[in-house]
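The primary structure of each chain is shown beneath.
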Amino acid sequence: MRVEEHPILGPLPKTETVWIEVDGKKIPARAGEPIAAALLAAGIRVFRTTHRRGEPRGPFCAVGRCTDCVMTVDGVPNVRTCVTPVREGMKIETQRGLGRWPELK
Amino acid sequence: MAGAEVTEVAVVGGGPAGLSAALAARQAGAKVIVVDENAAPGGQLRKQIHKFFGSKEHHAGRRGFRIAEELVAACREQGVELWTDTLAYGIFDHTLGIVRGGTASTLAARSIVLATGASENALAFPGCTLPGVMGAGAAQTFINLHRVLPGRRALIVGAGNVGLIITYQLLQAGAEVLGVVEAAPRIGGYAVHAAKIRRAGVPIYTRHTVLNAAGHGELEEVTIAALDENGWPIAGSERTFAIDLLCLAVGLTPLTELAWQAGCLFEYCGPLGGHVPLHSEDMETTVPGLFVAGDMAGVEEASTALEEGRLAGLAAAAYAGYRSPNLEEEKAAARERLQALRSGPFGEGRYLAHEEIVRRWLKWRDAR
Ligand SMILES: Cc1cc2nc3c(=O)[nH]c(=O)nc-3n(C[C@H](O)[C@H](O)[C@H](O)COP(=O)(O)OP(=O)(O)OC[C@H]3O[C@@H](n4cnc5c(N)ncnc54)[C@H](O)[C@@H]3O)c2cc1C
Ligand code: FES
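Residue numbers (the numbering used here), protein chains in the order written: chain A, 1 to 105; chain B, 106 to 473.
Next up, chain B with everything else stripped away, as it sits in the complex (with noise of 0.2 Å):
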């Protein structure tokens, strides 16, 4: 085991959250280090080569791996320190567990940020473990960060935002999409992405779920039907595709290891993808200098991640021994804009949850 390190705020994840909450940590004046186990910081945001969307403060109409770039220079010239290839396997009081560079060592920090992110769902069916069939976050890595695809012909399940922009940003690389699966009656996802594949003429089939894969050794073919008001497959209405790439969109599920490992609190919580952490309204967890932010702590955006990733910094700085000197004001503008970001028809769902969520961390607190 290499020698331990020691730093006042350590992040886990070099995402959005993990991004922001070490440059705002830092400019409250603490030591940060940043591990993330990939080659370069950016988390999902490196492979985003969409334009965004919302409010201008959100990057709005810029692309995401421009984005992290930004966030990238900006950490580094503010000597946020960033350590690639450097995974954190476990969390042992305020101290983590990591493995850089294929060698062992520990951390140790005053307060720690966990921003792990969210990894996708899967789905069962028969064949769904041939070859071919892969979480379509996985075709957008192999396409747009390793340049390779995985298949020419395509199907992908689920029409939420992630499902509209992975057929889109296949169609880019050159595959061909021969459809979108969706078992609910509507599309999930914005109305701007879903017109954009109709245009490119990729029918999205609603109230459809797929049946089966099949294939000799990986996929040949998908058969898909469609379903009655109860969600049962309607007899007759199969019908099959010979494709050898089905890539699935089915949602995503908060990485909260290291924060079970600590001792945090968690409640069950299905619009933010599963288990999350108890939080403040600072991202504090119940365990005292241990911060949450982004899709860990609910699955959301990278806009709200950048956010979140604000107060958890802020106040893992403060933890720290750094009050940055307007750090209420700092701290209730970040709230205002996360209140905007959940707004409106997609966002008010999120915007219940995550306040169950502090109401329950309150709950815990005042009966301390």
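The shape of chain A in the complex, shown without the other chains (with noise of 0.2 Å):
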């Protein structure tokens, strides 16, 4: 859910949207905003699953440090999306366990 009206901040300011997408389901963004923010006003809260027992994980920190956040980004694995910028097209997935890295050619 976006912030639209702040009392202290004010309206929420235009910005360009670009689209990404998620487990194959294109969403739109804020551009220059970080992927866990677009997906959380998308109501997206299960980032990835852990790699022995398979369970849930989101945003903890938001600042870069913890690593729940982290997805598999235009096929890179373990991407923390909370201090990671969107760009227009991005491609991003769940990730299971520690990801895949693409095929080495």
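Treat the hints with care, as some may be off.
Computed spacing ranges between beta-carbons, pair by pair [unchecked claim]:
| # | chain 1 | residue 1 | chain 2 | residue 2 | range |
| --- | --- | --- | --- | --- | --- |
| 1 | B | P430 | A | M1 | 50 to 60 Å |
| 2 | B | A145 | A | R100 | 29 to 39 Å |
| 3 | B | C233 | A | K26 | 27 to 37 Å |
| 4 | A | R53 | B | T189 | 30 to 40 Å |
| 5 | B | N431 | A | E4 | 20 to 30 Å |
| 6 | A | G75 | B | Q366 | 27 to 37 Å |
| 7 | A | R100 | B | E343 | 40 to 50 Å |
| 8 | B | P231 | A | V76 | 28 to 38 Å |
| 9 | B | A296 | A | W19 | 42 to 52 Å |
| 10 | B | A300 | A | P11 | 21 to 31 Å |
| 11 | A | L12 | B | R470 | 48 to 58 Å |
| 12 | B | R470 | A | W19 | 51 to 61 Å |
Derived from the structure by calculation, the hints contain no laboratory data.
Every residue gets a Cβ at the ideal spot worked out from N, C-alpha and C, and that includes glycine.
Make one complex out of these two single chains by using the hints.
This is the structure we're talking about:
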């Protein structure tokens, strides 16, 4: 959910919309914001599942320290989505376990 | 690896401590570079939309993010170089290993100020890893910086200033807050903050703790319970809340990796949040030419971070060969202001703790 109106910060500033793809589904994002913010705004809260027990995880620190928010971004696993800005056409996948690196050619 | 850079004073961290250090060192005449991993400098202040406490000299009544804007503007005006999107990952003698805009390189300096801040503590209970359980500072980052609510119905753990302020800021952002849970018998934060959230109808459950969090794939409910005199949950006092956000405001720990790596001597100090590097009255560590300031030298407040930053900046510049003409007076004035900030029931513990850290530093120096 977006904070559209704020008593101190005022209305949400206008920004360009960029589209990203999460597990094959297109969602809108505000240009320049971190991936995690766009996902939470779209109601997505499970970012990855753990290696051994397959437990769900989502953002915990939001400042790039804890690595609970990592996902596979454009084929690269373990990207910290809370400190990585969105880009038009970015492909994001819920990460299972440690993720898989793209095949080496 | 890109080309190595050289400066006179390097500052790691662009929060109030780092910016204040940079400004003081620059005013003394040194060439200064500040590195910060974020897209914009300002540190914690960027998220603080409430009015600050303290005296006028310490920006009382001003909102944190405005103070950050002013500090950044002053630094730019004075010619401090601010390198954003730059992470310092290591320190080797007087050289920092950095990753700037995704490219690795080095930054060598005559003296270095570490002002890396602190990180939020976690709390362990069944279900604490469910999506929807997060640090209070994380929730604050999402609502105030990124303008997105990480949940609609929240419960806060910890009634210190951070917990109380975030409760209020969640309400401002449009969330519902069902309560604040505090294990201690009394509220730790300022009475003004507590009164504000009580007026908004948010109950504060003192002598209570979180028993567990539960949900299918993500947070759906949290159960709390009252504690007896020995800190054990009282059977029958459990209460369950249907919520989708649980914010943990249970303290901060100084971010000291670089100081450990540099070989600084440390001391464990509960009132300052954990292990802190021994330092002198001038904020110099046990590694010559390496200075510390702000939350990483002991978790306190933005106001104290500014003064410590000033001391560290003046001393770092002097070490690099730039003695401010009124060095001793300026240092004495900053120390006096620090002492004033560390008085009263909230500050005294921190005052004594810092005194002890300085005493240990002196002991180390005298034994050399
Ligand atoms: C909710 C809340 C409310 C608060 N309210 C008040 C208040 O009312 N009054 C008050 O005085 N204080 C308040 N504070 C406290 C105040 O914000 C902090 O004490 C202050 O920001 C500490 O300043 P600092 O410069 O030491 O650290 P920070 O502000 O944390 O800045 C450190 C910076 O260094 C960066 N960094 C860390 N490591 C590296 C690295 N290796 N490489 C590059 N960059 C790095 C960080 O990303 C950060 O930007 C509040 C804090 C919180 C969380
Ligand atoms: S939420 Fe902690 S690293 Fe992203």
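We went through each hint and held it up to the structure:
1. B/P430 - A/M1: 50 to 60 Å: holds, 55 Å
2. B/A145 - A/R100: 29 to 39 Å: Between B/A145 and A/R100, where Cβ atoms are some 34 Å apart, the hint holds.
3. B/C233 - A/K26: 27 to 37 Å: holds, 33 Å
4. A/R53 - B/T189: 30 to 40 Å: Hint holds: Cβ distance 38 Å, inside 30 to 40 Å.
5. B/N431 - A/E4: 20 to 30 Å: violated, 50 Å
6. A/G75 - B/Q366: 27 to 37 Å: Holds: the Cβ-Cβ distance is about 33 Å, inside 27 to 37 Å.
7. A/R100 - B/E343: 40 to 50 Å: holds, 43 Å
8. B/P231 - A/V76: 28 to 38 Å: Since the Cβ atoms of B/P231 and A/V76 sit about 33 Å apart, the hinted range of 28 to 38 Å holds.
9. B/A296 - A/W19: 42 to 52 Å: Holds, at about 48 Å.
10. B/A300 - A/P11: 21 to 31 Å: About 29 Å separates the Cβ atoms of B/A300 and A/P11, which means 21 to 31 Å holds.
11. A/L12 - B/R470: 48 to 58 Å: Given about 54 Å between the Cβ atoms, the range holds.
12. B/R470 - A/W19: 51 to 61 Å: Holds: the Cβ-Cβ distance is about 60 Å, inside 51 to 61 Å.
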